[in-house]
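Those protein sequences? They're chains A and B, same order as listed.
Take the first sequence: its position 169, counting from 1, is numbered 169 in the numbering used here, and each next residue is one higher.
Take the second sequence: its position 58, counting from 1, is numbered 58 in the numbering used here, and each next residue is one higher.
Where hints are given, some of them may not hold.
Note: identical chains are not told apart, hence a pair may lie in one copy or across any two.
Unchecked claim - In silico SDA-like links for lysine to any residue, alpha-carbon gap of 25 Å or less:
id, residue 1, residue 2
1, 216, 233
2, 253, 120
3, 220, 277
4, 157, 218
5, 306, 323
6, 253, 131
7, 253, 63
8, 108, 135
9, 102, 125
10, 220, 312
11, 220, 273
12, 178, 99
13, 253, 200
14, 40, 135
15, 40, 56
16, 313, 218
17, 220, 317
18, 178, 144
19, 220, 240
20, 306, 98
No lab work stands behind these hints, which were simulated from the structure alone.
Each chain, written out:
There are 2 protein chains.
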Amino acid sequence: MRRTAIASAVATCLIGAVAFASAALAQDDALSSWNDGAAKQAIVDFVSAVTEEGGADYVAPADRIATFDNDGTLWVEQPMYVQLAFAFDEVKRMAPDHPEWKDTEPFKSLLAGDMKAVAASGKKGLAQIIGVSHAGMSNAEFTETATNWIKTAKNPKTGRLNTDDIYEPMLELIDYLKANEFDVFIVSGGGIEFMRPWTEATYGIPPQNVVGSSVKMTYKVTDDGPVLMRDAEIAFVDDGPGKPVGIQSHIGKRPIASFGNSDGDYQMLEWATTGPGRTLGMIVHHDDAIREFAYDRDSQFGHLDKAMDDAAKQGWVLISMKDDWAKIFPDE
Amino acid sequence: MRRTAIASAVATCLIGAVAFASAALAQDDALSSWNDGAAKQAIVDFVSAVTEEGGADYVAPADRIATFDNDGTLWVEQPMYVQLAFAFDEVKRMAPDHPEWKDTEPFKSLLAGDMKAVAASGKKGLAQIIGVSHAGMSNAEFTETATNWIKTAKNPKTGRLNTDDIYEPMLELIDYLKANEFDVFIVSGGGIEFMRPWTEATYGIPPQNVVGSSVKMTYKVTDDGPVLMRDAEIAFVDDGPGKPVGIQSHIGKRPIASFGNSDGDYQMLEWATTGPGRTLGMIVHHDDAIREFAYDRDSQFGHLDKAMDDAAKQGWVLISMKDDWAKIFPDE
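The shape of chain A in the complex, shown without the other chains (with noise of 0.2 Å):
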């Protein structure tokens, strides 16, 4: 039995031998739908750079973090956050059940479809949708209705479902860190619960290595054994400078590399490059109104001003979709 062990661990391994080599070819072509140019050399030197062995530069593997933002990072963010569409397609989900909706703000200029009305109510309107659509209920039950619902969620603009508007160059840098032995999170002003269901599948990336915001949870035993209850406190807030608290928090390692696009990503990008030996901060400007969307400082979301302002100064490096990316979309 010994021996049939070391057999079959010996033809694994020739399997094994020919896919590495072809690994490293592949390697040259990992980041394919990115266009030569400052940005993807940046990529390119950084890794080579942290995994060098021996190398003034080098980082042992079990300290290569990055860390990515999610809306308008790895997926679209306009015309609004996915989040927001869900919240809003929750209400009217729920709607039957809630006839006094009919006569209370936001429900009803929401369920009217007066969506001027709806921003109107300003923070606490919004509030007030998030917290009917995201507590009240178990994490088990908001999990299952986060993942029917992202099933067949599409983007009003690009028609596209929302899990398909995903950027080729990013999933492509994932695989890149991944296979350079770094270990990846999402880090995100949007709800962890809400990420998780279908972040595996969509960028590769596991629960676990989802980092959000999130709302108070109570264990609680039920005729039906114990659940985790979504309350309708906030927990915590995984924007601006909540971006290294939840970073320490989650993970308890400083990244090397980051990557934004928008000023709430401001806190985590300082914090992955200042600290000690060499690091990466990129950030996604949307320039390119005919293939996605062009915006920035006046942007209501994914607002990018003082980030764009201070990116010399702190070394962080601007990826323009426009001319940095030869592909946006996998289905391009």
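Fit chain B to the known structure of chain A by using the hints.
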């Protein structure tokens, strides 16, 4: 170059194949510090069942999540929690900068060595001691302090370094689960940042797989760069009903195996073992007064009462340190 890469990979694999064959053989002996009996059998049966491809109880590697309590489950928690000893030592170390403590309780009694008076100060006094030793500094400073302290800190009763006061059978169990493609996490009532500096070297569990209690942190940019400040405010208590919440927050998956030793692990065990499919819940019972300590219902640290009463009903397996462990400590 391609040929060289293949040759090199094959060579690496051949070495790997021998290692693999040895590991397969060693597997039989992976739990060598465990005496044959119901506890060891429960572990082996469970792992065999969930890893048998095509079997009724098969669980994909991605869902093989195991969670371990720390104090009393992986290392000694008598005569007091190690982290409490750390807090006491920190107060003594900081005392020269705090002359006012000479006249303020509970510091006055602690500095005078009057532990009865410290105990009498109750939760409020303890909170003050934890407060000054765990908050008011940057997280990097706290990590450095904890790292330095743990290097020399010894258990006053056993005389061992705390990091040697660990249970060999549990280390074997962690390795056995990892060899069977489990993702292994610590889920402790202890402070997450107190544990992270040493869990990888001590148990082979990296910082991102440590879940624990925490204080609120605030991101702050100083003249020396950004820091995470530790505020004197509890952010999360990872104990009792908090453990399933901490598990969901950090891992996003429900464990299929869980190991604890006290009533503080009740809900974690319940959460793990009432999930779908085959599960395993085990309780380390400290019943060996000669080689370790004997305590359960009447102990302040590692209080085990209700979880022991309900073990049979819940299907949890008790581990008798006296009968099930041939060896308790690595250096025994």
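Hints and how they fare:
1. In this assembly of identical chains, residue 216 and residue 233 lie within 25 Å of each other by CA distance both inside one copy and across copies; the values are 6 Å within and 16 Å between.
2. With identical chains, the CA atoms of residue 253 and residue 120 are never at most 25 Å apart, being 41 Å at best within one copy and 38 Å at best between copies.
3. Taking the shortest Cα distances, residue 220 and residue 277 sit within 25 Å of each other only across copies (21 Å), while inside one copy they are farther apart (46 Å).
4. In this homomeric assembly, residue 157 and residue 218 never come within 25 Å of each other (Cα to Cα): the closest approach is 38 Å inside a single copy and 38 Å across copies.
5. In this assembly of identical chains, the alpha carbons of residue 306 and residue 323 lie at most 25 Å apart only when taken from the same copy (22 Å versus 64 Å across copies).
6. In this assembly of identical chains, residue 253 and residue 131 lie within 25 Å of each other by CA distance solely across copies; the values are 24 Å between and 32 Å within a copy.
7. In this homomeric assembly, residue 253 and residue 63 come within 25 Å of each other (Cα to Cα) both inside a single copy, at 7 Å, and across copies, at 24 Å.
8. Only within a single protomer do residue 108 and residue 135 lie at most 25 Å apart by alpha-carbon distance; the minimum there is 20 Å, versus 47 Å between protomers.
9. Taking the shortest alpha-carbon separations for residue 102 and residue 125, only the intra-copy value of 15 Å comes in at or below 25 Å, while the best inter-copy value is 53 Å.
10. In this assembly of identical chains, the alpha carbons of residue 220 and residue 312 lie at most 25 Å apart only when taken from different copies (21 Å versus 50 Å within one copy).
11. In the homo-oligomer, the alpha carbons of residue 220 and residue 273 lie at most 25 Å apart only across protomers (15 Å), although the nearest pairing inside one protomer, at 42 Å, exceeds that limit.
12. In this assembly of identical chains, the alpha carbons of residue 178 and residue 99 never lie at most 25 Å apart, being 50 Å within a copy and 53 Å across copies at closest.
13. In the homo-oligomer, the alpha carbons of residue 253 and residue 200 lie at most 25 Å apart both inside one protomer (22 Å) and across protomers (13 Å), since each shortest distance falls under that limit.
14. Taking the shortest alpha-carbon separations for residue 40 and residue 135, neither the intra-copy value of 42 Å nor the inter-copy value of 42 Å comes in at or below 25 Å.
15. Taking the shortest alpha-carbon separations for residue 40 and residue 56, only the intra-copy value of 21 Å comes in at or below 25 Å, while the best inter-copy value is 48 Å.
16. Taking identical chains as interchangeable, the C-alpha atoms of residue 313 and residue 218 lie at most 25 Å apart only when they sit on different chains, with a minimum of 24 Å there against 44 Å within one chain.
17. With identical chains, the CA atoms of residue 220 and residue 317 are at most 25 Å apart between copies only, with a shortest distance of 23 Å across copies and 47 Å within one.
18. When the C-alpha separation of residue 178 and residue 144 is checked against a cutoff of 25 Å, the pair qualifies neither within a copy, at 29 Å, nor between copies, at 30 Å.
19. In this homomeric assembly, residue 220 and residue 240 come within 25 Å of each other (Cα to Cα) only across copies, at 12 Å, whereas the closest approach inside a single copy is 32 Å.
20. Taking the shortest alpha-carbon separations for residue 306 and residue 98, neither the intra-copy value of 42 Å nor the inter-copy value of 42 Å comes in at or below 25 Å.
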